[in-house]
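Asks: For reference, the chains in residue letters:
There are 2 protein chains.
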Amino acid sequence: MSKHIHKVHLKSRTIHPAAYYFEGIKSGNRTILSEAITLVESTNIEHEKVAEDIIELCLPLSGNSIRIGVTGIPGVGKSTFIEAFGLSLVEEQQKKVAVLAIDPSSEKSKGSILGDKTRMTQLSSHQNAFIRPSPSAGKLGGVAEATRETILLCEAAGYDVILIETVGVGQSEITVKSMVDFFLLLMIAGAGDELQGIKRGIMEMADAILINKADGDNVKKAELAQQEYKNALHLFPPNKNGWIPQVATCSALNKENIDVLHEIIDQFVRLTNSNNSFKENRKKQAKFWFDETISNAIKNLFYNDPKIKGELISLERTVIEGEISPFKAAKKLINLFKN
Amino acid sequence: MSKHIHKVHLKSRTIHPAAYYFEGIKSGNRTILSEAITLVESTNIEHEKVAEDIIELCLPLSGNSIRIGVTGIPGVGKSTFIEAFGLSLVEEQQKKVAVLAIDPSSEKSKGSILGDKTRMTQLSSHQNAFIRPSPSAGKLGGVAEATRETILLCEAAGYDVILIETVGVGQSEITVKSMVDFFLLLMIAGAGDELQGIKRGIMEMADAILINKADGDNVKKAELAQQEYKNALHLFPPNKNGWIPQVATCSALNKENIDVLHEIIDQFVRLTNSNNSFKENRKKQAKFWFDETISNAIKNLFYNDPKIKGELISLERTVIEGEISPFKAAKKLINLFKN
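Chains as they are written, first to last, in my numbering: chain X, 7 to 345; chain C, 7 to 345.
FYI, nobody ran anything at the bench for these hints, they're computed from the structure. Don't take each hint at face value.
One copy or any two copies: either way a pair holds, since identical chains are not told apart in the list.
[Unchecked claim] When the alpha-carbon atoms are kept at most 25 Å apart in a straight line, the in silico DMTMM-like pairs for lysine to aspartate or glutamate are as follows:
#1 Lys236 <-> Asp265
#2 Lys289 <-> Glu317
#3 Lys183 <-> Glu210
#4 Lys183 <-> Glu298
#5 Lys338 <-> Asp311
Sequences and hints are given; from them, build the entire structure.
Replies: The following block contains the structure:
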């Protein structure tokens, strides 16, 4: 929905030169920031060109935020938590906070896009907060590219904390992990069935686990869960950056113990700055997205080749049925592609 | 070392037609099986052709084993365990067992290749066991291709159980996981520093964890570790195939409680056959290797393109230093490749 509004919005106006958006972004104008992000998300060639220039102008001003990924299954209270945490950042810590959502399936579920803003009513009306619904997956680098470039624009606009929320399930956790400094997993007590929604491997990616909804009758259960996750994380091999993932409880609803995350993140930043892994991680991520974009693009070239398209489906079937070695089948296609 | 011996061996003989090797494999001739595997591993074009034909002949006879991946850090007692488990399979269960090792770094560390056979002295001299050191990574599909095709040949030769041991560290666990039905992680008690060697995510891939060296003073510690790992695995999201990873203790040295693995694997096979996930997993793996081989081959085409080679290094540097967006840099290279 909101995407449509933006598009109409843009069409009804002139596209300005990149410098216009850059100046607006620098000065903290949220409307212009929003318009620039819409250009970044657009697949229109004219828009893309301006967007590239805006990004190039913003790059030298970017990189000065802490980028935090927030994930958790539906029902864990993600929006309530982000609202509470965001408010504590803007009100108590005088920070500027941007909230971005990433949803690889957003093209199908445009209905949910407007939801974010309406859920975070207090935060979205704060002058130092900027909430942006998730982009759709039209571009070459898809949602990841649009989100990563949106981070840069928000940083150039002076946002100190960028919260990137995963929406939906699937690959979004890995995508988000590859573009943030700190990865937060929200949980609720009484695990078991609730865990069904979390992909295997997500827990090992977490820099912190917060057991939310530690309120009312739930406090004891949450504390028990905290201990269990602590024990479990202890069994994981240590992170290369030396960070030991932290586990805590909180109640986003009652805004209780939200501060614990400030402390955890401060510790994390201090440690990773002192051993240089903070910067190294960002360099690795830039390299990752470079490699990833190339990999996706050359796969597109291959799988859209008419010669390949003609053979792929039948060959794939024989591979799956065990009638041909997958390696031999692959070589057949590669030879077809080369000629 | 042993690879060199094989090569000389082949050179000094005529290469037979594929049917010769196929008949030898079918009849259970281990020398001919060995020679055929050497052809599969070879990068010589003449050898490759015969190897492809041998694989094609063997394919209809393959697939009837249980493929078991065995991993664990150095010092965990992998060889001792495989020897004990292998012997219990051939002696008590009247099975035919093939042991393959996979070592992505084998080209550099040929010294370790001969080690396997000398370490598993009892098993290697048993008539129903076949131990094969790891191939080197010369082929397009690398070590994975050679190993996966070796599995097919061993199955055609009537081996009921294929044990694939990871050697060294790195990506080999993921490679092995993608070619086996059942993945076993060997551990020792007193975790902590020992875990350093295990990559994050390996524990979640395990279908069973065996705490080895549960002997002497170590029994209590091993049982404690067993309980800890059980608790930890319980916190993981469940496997899609419905299997709950099992944890047990054993002493490979004293050949104690090795049988527990027979029971676990029997349960696993029964469950995954009953819900069809055993076969589905193999189909998925065939598709995976098909896609993976294509992906690697087209990356080779790209990165070996002289135009790309000329630009890549300097562009990569600007990406890592944050001077250019990784997406923009990738697009530059893609456009260069297309023209």
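Asks: Reference check for the pair Lys236 and Asp265, CA-CA at most 25 Å: within, between, both, or neither?
Replies: Close inside one copy (19 Å), not across copies (33 Å); limit 25 Å.
Asks: Are the CA atoms of Lys338 and Asp311 at most 25 Å apart within a copy, between copies, both, or neither?
Replies: both (14 Å within a copy, 20 Å between copies)
Asks: Indicate which option fits the pair Lys183, Glu210 if close means a Cα-Cα distance not exceeding 25 Å: within, between, both or neither.
Replies: Classified as both; 11 Å inside a copy, 18 Å across copies.
Asks: One pair to classify: Lys289 and Glu317, alpha carbons no more than 25 Å apart. Within, between, both, or neither?
Replies: between (40 Å within a copy, 19 Å between copies)
Asks: At most 25 Å between C-alpha atoms: does Lys183 with Glu298 qualify within a copy, between copies, both, or neither?
Replies: both (14 Å within a copy, 23 Å between copies)
No hint from the list above goes unmet by this structure.
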